[in-house]
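> Sequence:
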Amino acid sequence: MGAGGESPIVDAMGRVGLPAPLSELAAREWDAVVIGGGHNGLTAAAYLARAGRSVLVLERRDQLGGACTLERPFPEPGYVVSPCAYVVGLLDDRVIEELGLRERGYRVFPTDPGSWHPFEDGTSVAFFRERERSRDYLRAQGFPEGEIEGVFAYADVFERARVALRKGERDSWLGPSPTRAELEEMLGDPELIGVVFEDSMADVLDRYLQDERLRGALCGQGVIGSWLGPRDPGSAWVHLMHGMGELEGRGGSWGYVKGGLGRVSFAIAQAAQDAGAALAAGVPVGRIVAGEGVELESGETIRARAVVCNADPKRMLAMLDPAEVPAEFSARVEAWKVRSPVVKLNAGLTRMPAFAAAASPATGGVEPTRGMISFSTGLEGMQDAFRACERGEPAIGFVELYFQTAYDPSVAPEGRQTMSAFCQYAPYELASGDWDSRREEIGRMVLDAIAVHVP
5 MGAGGESPIV DAMGRVGLPA PLSELAAREW DAVVIGGGHN GLTAAAYLAR
55 AGRSVLVLER RDQLGGACTL ERPFPEPGYV VSPCAYVVGL LDDRVIEELG
105 LRERGYRVFP TDPGSWHPFE DGTSVAFFRE RERSRDYLRA QGFPEGEIEG
155 VFAYADVFER ARVALRKGER DSWLGPSPTR AELEEMLGDP ELIGVVFEDS
205 MADVLDRYLQ DERLRGALCG QGVIGSWLGP RDPGSAWVHL MHGMGELEGR
255 GGSWGYVKGG LGRVSFAIAQ AAQDAGAALA AGVPVGRIVA GEGVELESGE
305 TIRARAVVCN ADPKRMLAML DPAEVPAEFS ARVEAWKVRS PVVKLNAGLT
355 RMPAFAAAAS PATGGVEPTR GMISFSTGLE GMQDAFRACE RGEPAIGFVE
405 LYFQTAYDPS VAPEGRQTMS AFCQYAPYEL ASGDWDSRRE EIGRMVLDAI
455 AVHVP
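In our numbering, the protein residues as written are 5 to 459.
Be a bit skeptical, because a hint or two may be false.
Here are the simulated DSS-like pairs of lysine-lysine, each with C-alpha atoms no more than 27 Å apart in a straight line [said to hold, decoys possible]: (1) Lys318 <-> Lys341; (2) Lys318 <-> Lys348; (3) Lys262 <-> Lys348.
None of these hints come from the bench; they were simulated from the model.
Here the structure is a predicted model, which means the values were calculated and not measured.
Go ahead and model the full structure; you've got the sequences and the hints to work with.
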């Protein structure tokens with residue numbers, strides 16, 4: 005255990021350096037070399053090492069974790085921020101148990117309410133872990149019984165699909181990827197098949213809800229991190245995908261990891277290292293040499309019987325000699341569209357924000373920041389914002405806020421708070437200017453969208 009009582013890798017915040025000089029790493033042949041020390045690459049390394057294979061992980065940055073890491077970005081000491089990924093909900097219990105992540109510092113705080121949604125008219129919606137509590141909240145806010153029942157009928161559609169794909173005779177997450185025909189057989193219901201393969205969020209919401217507040221509160225879950233609007237086919241699947249996991253035995257739940265989400269990567273890295281894997285940070289790979297291993301940007305060749313690539317498929321393809329790659333595979337990767345509509349803002353706060361809708365007695369004293377807070381410009385407003393994004397114009401139609409310090413004060417100085425804002429839509433490629441010249445402007449757009457609910 006490290007000085008912090010968890011593990012050396014946690015204490016070093018993933019900055020592991022080199023396990024040996026590069027000349028020594030290049031002098032042997034490895035069973036597998038893993039390109040990239042993100043949480044998926046580290047998981048592959050841990051399982052390979054547990055199976056008795058010799059494994060070397062090569063991470064370009066000086067810190068492990070990839071998108072699931074930690075930073076100290078603010079001048080004031082004591083803030084620990086999850087800069088990219090921020091909450092846990094899709095980490096399978098099997099991985100947690102088999103890699104002993106709890107013994108290596110993994111602790112989780114499931115959020116309750118799971119989400120809270122304010123509206124400009126002063127009403128709000130909250131969804132708790134217990135359905136009856138959610139029902140009581142909706143009644144107190146004045147929603148009619150038909151709409152309340154519609155909310156739960158809507159939720160049941162996605163829960164039925166999750167159970168069909170994860171809890172039947174076959175878990176679709178384990179083993180070979182199922183074909184479409186196999187997935188349709190597992191789902192066994194035309195509505196569920198539509199949700200997985202064809203429907204938009206608007207399609208599903210149209211079947212169950214009429215209240216535009218409820219529709220606006222729920223539709224954002226179908227576009228998170230995706231180049232889609234809520235009326236675009238496939239957005240219903242995005243919502244289902246985000247609810248396919250379990251957290252502490254409860255399906256579709258999300259929560260905060262004590263100390264920040266990077267602790268997940270660091271615990272996995274510790275499990276890999278404890279199993280015998282070698283972890284090297286600050287070692288960029290230049291190319292993959294078929295049948296031999298990898299060549300580093302610094303010129304050394306690392307020989308390996310197998311190469312596991314944690315980098316995305318387009319980066320992997322760029323590292324390969326085109327002559328060594330089947331044409332069909334290259335065409336599939338090149339056709340893959342990689343576009344982002346997301347803007348992320350991380351902030352240190354002197355206090356928790358006071359949401360206008362939280363002042364209503366109808367909230368029953370619920371503390372909004374203990375849930376994931378999301379609001380939108382409504383279903384049609386979000387679709388319009390996406391169309392603007394397609395034209396290269398930023399338009400903030402959806403905001404989701406996370407306050408880890410509501411559960412875990414360890415990530416901020418005493419008395420301070422953290423806020424992470426995940427927002428859409430802001431294209432990576434802007435029609436006018438670039439991110440260096442417009443970063444402050446777009447950041448102000450995010451703050452203005454939040455200020456609608458926090459006067």
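> Hint by hint, say whether it matches the structure.
Cross-check of the supplied hints:
Annotation: proposed proximity of Lys318 to Lys341 holds, straight-line Cα distance about 10 Å (limit 27 Å). Distance hint between Lys318 and Lys348 is fulfilled; the C-alpha atoms sit about 23 Å from each other, no more than 27 Å. For the proposed pair Lys262 and Lys348, the alpha carbon gap of about 21 Å is at most 27 Å, so the pair holds.
Violated hints: none; the structure is consistent with every hint.
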